[in-house]
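Chemist: Here is how the chains run, residue by residue.
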Amino acid sequence: MTDAKLPDIDRHRTPPPLRTAAIVIYATLALLVAAIPQSLTNWLREMKSSELQEKLLPGAERLQLLSERAGFSTPYRRCRELFLALKGSEDN
Amino acid sequence: MLFPTIEFAVFFGLVFPITWLLNAHNTWKKLFLVAASYYFYAFWRVEFTFLLFLSSLVNYLLALGLGRLKDGTPRLILFWLAVAANLGVLGYFKYYNFFAAQFVNAMDTAGIRVEVRFIEVALPVAISFLTFHALSYIIDVYRRAIQPSKSLLDILLYISFFPHLIAGPIVRANKFLVQTETPRNPSDIRLGQSVFLILGGLFKKVIIANYLSTEFVDPVFRDPLNHSSLDLVFGMYAYALQIYCDFSAYTDIAIGIANLLGYEFPQNFNYPYRATSVQDFWRRWHMSLSSWLRDYLYLPLGGNRFGELMTYRNIMVTMALGGLWHGASWNFLIWGLLHGAALVTERIFGLTGSGSSSPRSPIRGALSWFFTIHFVCLTWVFFRAPTLDASLDYFSTMFSGTGWGTTATPFIVLIFILGALSHIIPPRWFETLETRYDTASLPVKVMLPFATIFLIAVAAPDGIAPFIYFQF
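Protein chains in written order, with the numbering used here: chain A, 1 to 92; chain B, 1 to 472.
These are computed hints drawn from the structure, not numbers from a lab. A portion of the hints provided could be inaccurate.
[Said to hold, decoys possible] A few chain A residues that don't get close to chain B, going by computed Cβ distances all over 12 Å:
#	residue
1	19
2	40
3	61
4	68
5	70
6	71
7	80
8	81
9	88
[Said to hold, decoys possible] The calculated label-pair distances, taken between Cβ atoms and stated as ranges, are:
#	chain 1	residue 1	chain 2	residue 2	range
10	B	456	A	70	22 to 28 Å
11	B	84	A	79	55 to 61 Å
12	A	82	B	27	40 to 46 Å
13	B	410	A	75	52 to 58 Å
14	B	102	A	26	40 to 46 Å
15	A	82	B	183	56 to 62 Å
16	A	30	B	183	24 to 30 Å
17	A	79	B	410	18 to 24 Å
18	B	435	A	26	37 to 43 Å
19	B	421	A	68	33 to 39 Å
20	A	66	B	2	24 to 30 Å
[Claimed, not checked] Residues from chain A shown here face chain B by an in silico Cβ test under 8 Å; the list is partial:
#	residue
21	16
22	20
23	22
24	25
25	27
26	29
27	35
28	60
29	63
30	83
Fair warning: this is a prediction, and the values are worked out from it, not measured in the lab. Every residue, glycine too, gets a C-beta built ideally from N, C-alpha and C.
Using the sequences and the hints given, assemble the complete structure.
Modeler: Dropping the structure here:
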């Protein structure tokens with residue numbers, strides 16, 4: 001009995017796992033930044049004062065503004081408000 | 001740097017592509033991973049990176065010496081020197097103050113006044129895990145189970161590799177070093193498994209462990225005398241779930257991250273609260289520590305080779321030292337001794353759970369599970385309470401029947417139920433989900449982690465508490 005082999009066409013269709021992993025990681029991070037942009041700006045604001053912070057913060061703030069204008073960040077805000085209302089607590 | 005934080009996402013977002021870009025140049029890749037791991041460790045205290053480097057260098061040199069010497073007294077002396085060097089560092093940072101205090105107290109009781117200088121240095125994060133990795137390497141080289149590595153870089157990477165550096169799993173030298181020899185194969189990435197381990201870990205840590213800890217377990221253990229018996233009973237179960245969700249989350253994320261970088265780590269938890277005996281529990285809980293203690297402590301002590309009495313002694317010594325490994329306190333020692341006593345009792349009466357070859361009736365199985373889970377939960381009280389007095393206060397109030405009201409909110413009960421699901425959902429469900437994920441389209445592959453992390457962020461508490469096992 002010989003080992004079953006995938007037809008060539010199927011093998012070509014399967015993307016390399018590394019490329020898929022990279023797409024999943026960066027697309028997920030990009031979507032999270034778009035959906036919860038304040039997380040990035042808050043994190044950068046809390047960083048110790050540095051050249052890196054000075055360079056990155058304006059970009060992150062612009063991104064937050066864009067996300068808010070486009071309405072990308074609205075679902076998170078609404079969901080968070082709903083969760084806190086159900087739980088009966090407030091954000092710090 | 002904690003796993004469920006933005007800085008770690010940024011850190012990993014940089015480490016992942018650079019690691020794979022350098023994959024064909026193995027030495028450069030390892031150099032980069034060592035640098036990244038030291039940067040990761042330096043987030044706690046920069047000065048302890050020196051200790052990390054020194055420990056790796058000393059163990060590298062001593063192992064080379066052990067490899068070159070022929071069997072005999074000089075080799076044995078060098079081996080014990082290596083063991084003493086590793087345990088000496090651990091003892092100095094972790095146990096010196098505890099034993100010094102016991103000595104002063106004992107002398108005081110005898111009416112002798114002794115002045116002892118206590119050390120005021122912060123405990124280096126993960127020093128116990130670091131020591132266990134180093135000892136595993138030294139002992140395996142001494143036993144000639146592995147050849148000493150000629151590459152200092154490999155040893156630096158083995159001891160410092162950031163996914164397992166802080167809280168395990170404890171990866172054996174022979175299992176890790178072989179992975180450093182050649183470039184990793186990207187086809188070995190099991191994306192579905194890694195994604196589910198990381199997402200499951202984030203959920204268990206950020207939602208279950210954090211809420212149980214901050215909104216119920218911490219207040220109850222802080223002041224047991226001012227809580228009802230029901231609160232303390234629920235607090236005991238809640239802590240059992242919290243520590244599982246906290247620790248297994250860390251190692252699940254570590255295993256997932258290591259796999260994304262092409263490295264294989266051993267499984268560390270296997271539904272521990274389904275155990276039907278204490279022996280079975282230790283085959284399912286912190287498996288990399290249990291097997292480490294078995295191979296490097298219990299078996300060298302003689303294991304079960306010299307009769308029943310010596311076996312009981314070896315079990316008690318192993319579990320007492322396993323308890324003390326968690327920290328220098330009477331509580332951890334008592335916790336270890338209680339587990340040791342339970343293992344001995346099971347051995348005497350032939351109650352060793354699923355490992356036993358005798359068939360069991362469902363009722364006997366259910367009873368075994370009931371007694372095991374309650375023994376484990378009750379002993380967790382010693383593990384969690386800050387002092388022995390606090391543990392006794394906890395037990396005395398819990399068993400006094402003072403009040404059956406509770407401060408647990410419906411939200412905490414819901415979190416508890418969600419956490420308990422981690423033990424109720426059959427493992428094959430996760431396997432099916434992983435397989436389906438691996439065959440899903442790319443948009444689905446992206447949307448699932450995004451939606452899960454989004455929902456975790458929606459329900460997350462403010463701030464993330466450090467993982468419990470960071471202190472060990």
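Chemist: Now look at each hint and say whether the structure bears it out.
Modeler: We went through each hint and held it up to the structure:
no., hint, in the structure
1, 19, "9 Å, violated"
2, 40, "7 Å, violated"
3, 61, "15 Å, holds"
4, 68, "16 Å, holds"
5, 70, "16 Å, holds"
6, 71, "15 Å, holds"
7, 80, "5 Å, violated"
8, 81, "10 Å, violated"
9, 88, "8 Å, violated"
10, 456/B - 70/A: 22 to 28 Å, "23 Å, holds"
11, 84/B - 79/A: 55 to 61 Å, "56 Å, holds"
12, 82/A - 27/B: 40 to 46 Å, "53 Å, violated"
13, 410/B - 75/A: 52 to 58 Å, "26 Å, violated"
14, 102/B - 26/A: 40 to 46 Å, "54 Å, violated"
15, 82/A - 183/B: 56 to 62 Å, "48 Å, violated"
16, 30/A - 183/B: 24 to 30 Å, "28 Å, holds"
17, 79/A - 410/B: 18 to 24 Å, "20 Å, holds"
18, 435/B - 26/A: 37 to 43 Å, "24 Å, violated"
19, 421/B - 68/A: 33 to 39 Å, "36 Å, holds"
20, 66/A - 2/B: 24 to 30 Å, "29 Å, holds"
21, 16, "6 Å, holds"
22, 20, "6 Å, holds"
23, 22, "7 Å, holds"
24, 25, "6 Å, holds"
25, 27, "4 Å, holds"
26, 29, "6 Å, holds"
27, 35, "6 Å, holds"
28, 60, "11 Å, violated"
29, 63, "14 Å, violated"
30, 83, "5 Å, holds"
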